[in-house]
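Based on the sequences and whatever the hints tell you, model everything.
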Amino acid sequence: DTEVTQTPKHLVMGMTNKKSLKCEQHMGHRAMYWYKQKAKKPPELMFVYSYEKLSINESVPSRFSPECPNSSLLNLHLHALQPEDSALYLCASSQSGTGYTSTDTQYFGPGTRLTVL
Amino acid sequence: GQNIDQPTEMTATEGAIVQINCTYQTSGFNGLFWYQQHAGEAPTFLSYNVLDGLEEKGRFSSFLSRSKGYSYLLLKELQMKDSASYLCAVRGSGGSYIPTFGRGTSLIVHP
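First to last, the sequence lines map onto chains R and Y. For the first sequence, the tail end lands on 117 under my numbering, and the numbers increase by one without skipping. For the second sequence, the tail end lands on 1111 under my numbering, and the numbers increase by one without skipping.
Hints should not be assumed to be uniformly reliable.
Claimed, not checked - 27 Å max Cα-Cα, derived DSSO-like pairs, lysine-lysine:
hint : chain 1 : residue 1 : chain 2 : residue 2
1    : R       : Lys9      : R       : Lys36
2    : R       : Lys40     : Y       : Lys1081
3    : R       : Lys38     : R       : Lys9
4    : R       : Lys22     : R       : Lys41
5    : Y       : Lys1076   : R       : Lys40
6    : R       : Lys41     : R       : Lys19
7    : R       : Lys36     : Y       : Lys1081
8    : R       : Lys9      : Y       : Lys1081
9    : R       : Lys40     : R       : Lys9
10   : R       : Lys38     : R       : Lys19
11   : R       : Lys41     : R       : Lys9
12   : R       : Lys41     : Y       : Lys1076
13   : Y       : Lys1068   : R       : Lys41
14   : Y       : Lys1081   : R       : Lys41
15   : R       : Lys36     : R       : Lys19
16   : R       : Lys19     : R       : Lys53
17   : R       : Lys18     : R       : Lys36
18   : R       : Lys53     : R       : Lys9
19   : R       : Lys22     : R       : Lys38
20   : R       : Lys22     : R       : Lys40
21   : Y       : Lys1068   : Y       : Lys1057
22   : R       : Lys18     : R       : Lys38
23   : R       : Lys53     : R       : Lys18
24   : Y       : Lys1081   : R       : Lys38
Hint data in this document are derived by calculation from the structure and do not stem from the laboratory. Computed from a predicted structure; not experimentally measured.
In structure tokens:
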């Protein structure tokens, strides 16, 4: 089973709203990631959690707040977003949480299509 | 830094063979991934190469030459459902284990 699930599939929110994106995996993976992807662009890394601790923050604005409640769950809390934040938000996980192994592969969830009005 | 280059778009005919190239310049090298991504969906893992040579997996094969900083994804017996974006991602070294994605190649398969 290489499934990563994300909810919701679609989200429309106003600039004053607060919402959360959720991601879950039950593969025992120790690293989890948030990516942002705009149309016809590659995924851009936002955050990495390793063993439930934030290990990488790619200078993401504070209106995006990640949270890792346990080893299977990853949330992204959204507040005061801008229209340019509209994108596909992808969650991924990989087995290794400390550095890497030679075969460490990222598995992606289906994404949340976010529209900010 | 890392620089990954792929063609932006390719077209091919159903039943044919297509080769999608990826060239890279990275600080060290620790593996190259190919992903398939249909429009509006998540990237799906296709292959991983860390040693030189060809890895075959059904209709898809991936080749790597580390000395040339070059990889290709070969798709045989093309089907309409193969129309998608194909992303090359390279893992460098220097402490970061996160692959960097290329811009992707949009493949259009027509009848």
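So, going through the hints one by one against the coordinates:
For the hint pairing Lys9 of chain R with Lys36 of chain R, the CA-to-CA distance comes to about 14 Å; that is within 27 Å, so the pair holds. Among the hinted pairs, Lys40 of chain R with Lys1081 of chain Y is consistent with the structure: their alpha-carbon atoms are about 18 Å apart, no more than 27 Å. Straight-line distance between C-alpha atoms of Lys38 of chain R and Lys9 of chain R comes to about 16 Å, which keeps the hinted pair within the 27 Å bound. With a CA separation close to 23 Å, the supplied pair Lys22 of chain R and Lys41 of chain R stays within the 27 Å bound.
Restraint check for Lys1076 of chain Y and Lys40 of chain R: satisfied, since their Cα atoms lie roughly 24 Å apart, inside the 27 Å limit. Of the pairs offered as hints, the one joining Lys41 of chain R and Lys19 of chain R holds, with about 25 Å between alpha carbons and a cut-off of 27 Å not exceeded. The suggested pairing of Lys36 of chain R with Lys1081 of chain Y holds, with an alpha-carbon distance near 25 Å, which does not exceed 27 Å. Using a Cα cut-off of 27 Å, the hinted pair Lys9 of chain R and Lys1081 of chain Y holds, with the two alpha carbons roughly 22 Å apart.
Between Lys40 of chain R and Lys9 of chain R the alpha-carbon distance is near 19 Å, which keeps this suggested pair within the 27 Å criterion. This hinted pair checks out: Lys38 of chain R and Lys19 of chain R have alpha carbons roughly 20 Å apart, not beyond 27 Å. Note on Lys41 of chain R and Lys9 of chain R: the hinted pairing holds, with a Cα-Cα distance of about 20 Å set against a maximum of 27 Å. Restraint check for Lys41 of chain R and Lys1076 of chain Y: satisfied, since their Cα atoms lie roughly 26 Å apart, inside the 27 Å limit.
For the proposed pair Lys1068 of chain Y and Lys41 of chain R, the alpha carbon gap of about 25 Å is at most 27 Å, so the pair holds. Distance check on the hinted pair: Lys1081 of chain Y and Lys41 of chain R sit about 21 Å apart at the alpha-carbon level, within 27 Å; holds. The suggested pairing of Lys36 of chain R with Lys19 of chain R holds, with an alpha-carbon distance near 16 Å, which does not exceed 27 Å. For the given pair, Lys19 of chain R sits about 22 Å from Lys53 of chain R by alpha-carbon distance, which is consistent with the 27 Å threshold.
Our distance criterion of 27 Å between C-alpha atoms is met by Lys18 of chain R and Lys36 of chain R, whose separation comes to about 18 Å. Proposed proximity of Lys53 of chain R and Lys9 of chain R is supported: the alpha carbons are some 26 Å apart, at most 27 Å. Restraint check for Lys22 of chain R and Lys38 of chain R: satisfied, since their Cα atoms lie roughly 19 Å apart, inside the 27 Å limit. Distance restraint check for Lys22 of chain R and Lys40 of chain R: the Cα-Cα separation of roughly 24 Å lies within the 27 Å cut-off, and the hinted pair is therefore satisfied.
The hinted pair formed by Lys1068 of chain Y and Lys1057 of chain Y meets the criterion: a straight-line CA distance of about 23 Å does not exceed 27 Å. Taken as a hint, the Lys18 of chain R and Lys38 of chain R pair is honoured in the structure, with Cα atoms around 21 Å apart against an allowance of 27 Å. A threshold of 27 Å between alpha carbons decides the hint, and for Lys53 of chain R with Lys18 of chain R the separation of about 23 Å falls inside it, so the pair holds. Our distance criterion of 27 Å between C-alpha atoms is met by Lys1081 of chain Y and Lys38 of chain R, whose separation comes to about 22 Å.
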